[in-house]
Amino acid sequence: MKILLSLLLFLPLGGSVINALLGRVLPRRVVETVACAAILGSLAAAVAVFARAWQSTYYFVILPWVQVGSFAANLSLYYNPVAALMTLMVTFVASLIHLYSAAFMREDRDYVRYFCYLNLFVFAMLVIVLADDLLFVFLGWEGVGFCSYALIGFWYDNPANADAGRKALIVTRIGDVGFGIAVALCFFLFHNLSITLINAQAATISPVLITILSLLLLWAAVGKSAQLPLTVWLPDAMAGPTPVSALIHAATMVTAGVLLLVRLFPVVSLSPLALMVIAGVGAVTTLYGAGAALGQRDIKRVLAYSTLSQVGYMILAVGAADIIGGMFHLFSHAFFKSLLFLGAGCVIQALHEEHDIFRMGNLRRLLPGVYWPFLLGALCLSAFPMIGGFFSKDRILLATYLQPGLGYKIFWLLGLIAAFLTPIYTMRMTFLAFKEQADGPAQADLKPFPRLMTWVLWPLAVLAVGDGFLNFPGGPGKDFLARFMAVVPGSRPDLGASTALEWTMGLGSGAIILAMMALAYYLYGRPGKAWAWPGGEGVLAWGFYLDYFYQQVLVKPYQALARIFWQDVDEAGLDRSFGGLAAGLLALSGGLGRWTTGRLSTYLAMLFLGLTLLVSALAVSWYLW
Amino acid sequence: MIVPNGHVLLLAVILFLLGAACAIARRNLLMILIGVEVMLNAASLAFIGAALKWRQLDGQVFVIFIFAVAAAEVAVGLALIVYSQRRTGALDADAYSRLKG
Numbered sequence: 005m006k007i008l009l010s011l012l013l014f015l016p017l018g019g020s021v022i023n024a025l026l027g028r029v030l031p032r033r034v035v036e037t038v039a040c041a042a043i044l045g046s047l048a049a050a051v052a053v054f055a056r057a058w059q060s061t062y063y064f065v066i067l068p069w070v071q072v073g074s075f076a077a078n079l080s081l082y083y084n085p086v087a088a089l090m091t092l093m094v095t096f097v098a099s100l101i102h103l104y105s106a107a108f109m110r111e112d113r114d115y116v117r118y119f120c121y122l123n124l125f126v127f128a129m130l131v132i133v134l135a136d137d138l139l140f141v142f143l144g145w146e147g148v149g150f151c152s153y154a155l156i157g158f159w160y161d162n163p164a165n166a167d168a169g170r171k172a173l174i175v176t177r178i179g180d181v182g183f184g185i186a187v188a189l190c191f192f193l194f195h196n197l198s199i200t201l202i203n204a205q206a207a208t209i210s211p212v213l214i215t216i217l218s219l220l221l222l223w224a225a226v227g228k229s230a231q232l233p234l235t236v237w238l239p240d241a242m243a244g245p246t247p248v249s250a251l252i253h254a255a256t257m258v259t260a261g262v263l264l265l266v267r268l269f270p271v272v273s274l275s276p277l278a279l280m281v282i283a284g285v286g287a288v289t290t291l292y293g294a295g296a297a298l299g300q301r302d303i304k305r306v307l308a309y310s311t312l313s314q315v316g317y318m319i320l321a322v323g324a325a326d327i328i329g330g331m332f333h334l335f336s337h338a339f340f341k342s343l344l345f346l347g348a349g350c351v352i353q354a355l356h357e358e359h360d361i362f363r364m365g366n367l368r369r370l371l372p373g374v375y376w377p378f379l380l381g382a383l384c385l386s387a388f389p390m391i392g393g394f395f396s397k398d399r400i401l402l403a404t405y406l407q408p409g410l411g412y413k414i415f416w417l418l419g420l421i422a423a424f425l426t427p428i429y430t431m432r433m434t435f436l437a438f439k440e441q442a443d444g445p446a447q448a449d450l451k452p453f454p455r456l457m458t459w460v461l462w463p464l465a466v467l468a469v470g471d472g473f474l475n476f477p478g479g480p481g482k483d484f485l486a487r488f489m490a491v492v493p494g495s496r497p498d499l500g501a502s503t504a505l506e507w508t509m510g511l512g513s514g515a516i517i518l519a520m521m522a523l524a525y526y527l528y529g530r531p532g533k534a535w536a537w538p539g540g541e542g543v544l545a546w547g548f549y550l551d552y553f554y555q556q557v558l559v560k561p562y563q564a565l566a567r568i569f570w571q572d573v574d575e576a577g578l579d580r581s582f583g584g585l586a587a588g589l590l591a592l593s594g595g596l597g598r599w600t601t602g603r604l605s606t607y608l609a610m611l612f613l614g615l616t617l618l619v620s621a622l623a624v625s626w627y628l629w
Numbered sequence: 053m054i055v056p057n058g059h060v061l062l063l064a065v066i067l068f069l070l071g072a073a074c075a076i077a078r079r080n081l082l083m084i085l086i087g088v089e090v091m092l093n094a095a096s097l098a099f100i101g102a103a104l105k106w107r108q109l110d111g112q113v114f115v116i117f118i119f120a121v122a123a124a125e126v127a128v129g130l131a132l133i134v135y136s137q138r139r140t141g142a143l144d145a146d147a148y149s150r151l152k153g
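Here the protein sequences line up with chains A and B, keeping their order.
This note's numbering puts the first residue of the first sequence at 5, with every later residue one more than the last.
This note's numbering puts the first residue of the second sequence at 53, with every later residue one more than the last.
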């Protein structure tokens with residue numbers, strides 16, 4: 005087990021190191037093979053570990069890391085059903101994305117850097133999944149942040165891309181501050197940073213401190229998972245290569261925040277207030293993302309805002325004390341979102357970097373190999389009854405509804421509205437991109453791309469459609485996922501809903517979702533001109549001006565302050581005073597330098613003058629005293 | 053004691069000033085060296101005068117020392133002058149201004 009787990013974790017790091025050291029001298033094919041083989045090996049290890057461990061948990065220390073006084077941090081791993089599912093999902097999705105990348109980046113010269121970061125990204129995420137020590141988790145947490153920065157700004161020649169990378173780094177850094185404080189607080193409270201130990205001892209701590217700790221963890225999760233109010237980096241993160249977006253949105257990075265809350269759920273669950281706040285953040289973000297996605301024109305930004313929305317559901321699930329629902333949705337989301345992103349990557353590359361869905365069209369005829377998997381992914385995202393995200397979203401909404409208190413009813417309503425908006429924005433994107441358009445692109449306009457890029461869509465499509473059956477409410481594999489995860493502390497396999505309520509909600513939301521899809525077809529799917537928002541798409545397209553607001557309230561004053569410090573304090577104040585001092589000294593030394601004439605006779609004359617003065621003074625003083 | 057002490061001192065002062073003037077005003081290194089020699093001899097003269105006045109031999113001993121110093125100085129100084137002349141081709145003191153700031 006130890007060897008398998010270590011292989012699972014360190015193979016991606018090994019691939020990254022090999023490519024970083026030798027990538028320049030190896031041929032391209034070898035670099036790609038090393039990167040893909042590292043992740044595929046990791047996947048194989050994950051499968052082997054899963055098969056051997058099943059529901060059991062493993063804990064072992066790779067090596068002690070820091071030992072100062074009473075403080076100790078170990079490089080330790082902890083394997084449990086949550087980690088099992090996450091490692092399988094992360095390595096599987098990442099393997100497909102790596103294969104896809106080999107084709108997608110075929111014309112890029114910086115493939116070594118790309119694959120190096122991609123492997124490192126997966127490694128950092130696996131650290132977050134597997135590490136038992138919070139400090140070790142923090143290492144992965146920062147590693148994920150760094151890799152996202154490096155990959156979002158991958159095409160750094162364009163300043164906008166580099167800015168997007170910096171934005172991602174800075175905004176997530178705000179969340180990382182929360183994590184840093186949470187780690188320090190954990191050490192203060194528990195004198196240990198092991199997650200298992202913290203979870204076991206959480207009940208002994210006073211409720212106020214637990215609430216503070218939980219809110220700090222939420223703060224950390226909000227930064228990494230791009231929840232309100234730190235959403236702004238995610239839509240801009242679309243500047244990176246499309247497979248990177250798929251990796252960030254599906255397997256790594258944005259789910260890290262949810263995962264952190266899930267892993268520390270026994271702590272979080274002790275504070276009703278914190279749960280309420282978590283649910284609120286999730287619910288509001290869900291609706292925010294869904295609303296903003298309605299107005300986007302860029303296909304990747306639609307998907308980005310939909311990620312905000314879907315990750316909001318996961319956070320909402322944690323807030324509703326249903327981590328199984330959260331993990332379930334994390335799973336479904338990983339499959340259909342990576343599928344949608346990879347499909348969008350095919351579309352974008354085929355149309356010569358065209359991102360605007362209003363300038364697409366005809367793709368159902370032109371790219372059938374992309375259309376069908378993409379459609380399946382879109383249906384899963386829309387929570388089409390009986391497939392994909394339907395069951396997971398349903399479970400989350402049910403769990404929220406069942407929580408006592410008016411607040412949860414409101415959050416449930418917000419989540420429900422967002423769930424009904426989801427089919428509209430999803431199908432809007434799908435219809436606009438793929439339906440027949442008279443003035444759309446033609447066969448001759450398309451740029452060919454390798455078939456591999458469409459092949460990898462199919463495994464994802466099958467899983468996206470089929471993963472609902474992991475937790476199917478009936479039949480032979482009834483509630484498989486819930487039973488599998490039942491051993492995780494804090495999980496509630498059975499929500500305790502009556503069958504009638506379950507069926508009412510399932511059927512009701514299914515019916516409304518179908519109606520919404522019909523509406524989307526009516527608005528966008530019919531042949532001819534698509535419906536447009538009467539007042540323009542301004543508010544929605546700008547993401548409710550959140551970015552603009554931050555720009556005005558935070559960035560502009562900060563820049564003004566920086567300018568004052570730069571121009572008034574530094575340049576006008578410090579630089580000029582030092583400059584004046586230097587100029588004065590220069591003038592003084594210039595004056596003194598004039599004495600140094602270089603003429604021997606002057607020196608001698610001065611010598612005699614001085615001697616005369618000295619002797620005269622001596623003579624005078626001698627006479628006077 | 054034929055010559056009064058005051059006269060000796062006066063002569064020494066005149067000689068010293070002449071030597072100093074020569075050392076300051078002349079630009080030829082040789083002439084400067086000669087000026088310095090004159091100043092040294094003026095000082096020697098003052099010592100002799102003082103030794104005579106107080107009837108003590110210390111002044112004369114000092115003069116012998118001064119001779120030794122002057123001889124050494126001339127030996128080193130002339131050698132330097134010859135070397136400088138070879139090096140720069142000039143005996144002009146103002147030409148040696150490479151260390152000027």
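FYI, nobody ran anything at the bench for these hints, they're computed from the structure.
Just so it is clear, CB atoms sit at the ideal spot from N, CA and C, and this is done for glycine as well.
Treat the hints with caution; some may be incorrect.
[As the list claims (entries may be wrong)] Interface residues of chain B toward chain A, partial, derived using beta-carbon atoms under 10 Å: (1) A75; (2) K105; (3) Y148.
We went through each hint and held it up to the structure:
1. Hint on B/A75 holds. Least Cβ distance to chain A is approximately 6 Å, under the 10 Å limit.
2. The restraint placing B/K105 at the interface with chain A is violated, with a minimum CB-CB distance near 18 Å, outside the 10 Å limit.
3. Against a cut-off of 10 Å between C-beta atoms, the interface hint on B/Y148 holds, since the closest Cβ of chain A lies about 7 Å away.
Of the numbered hints given earlier, the model fails hint 2 alone.
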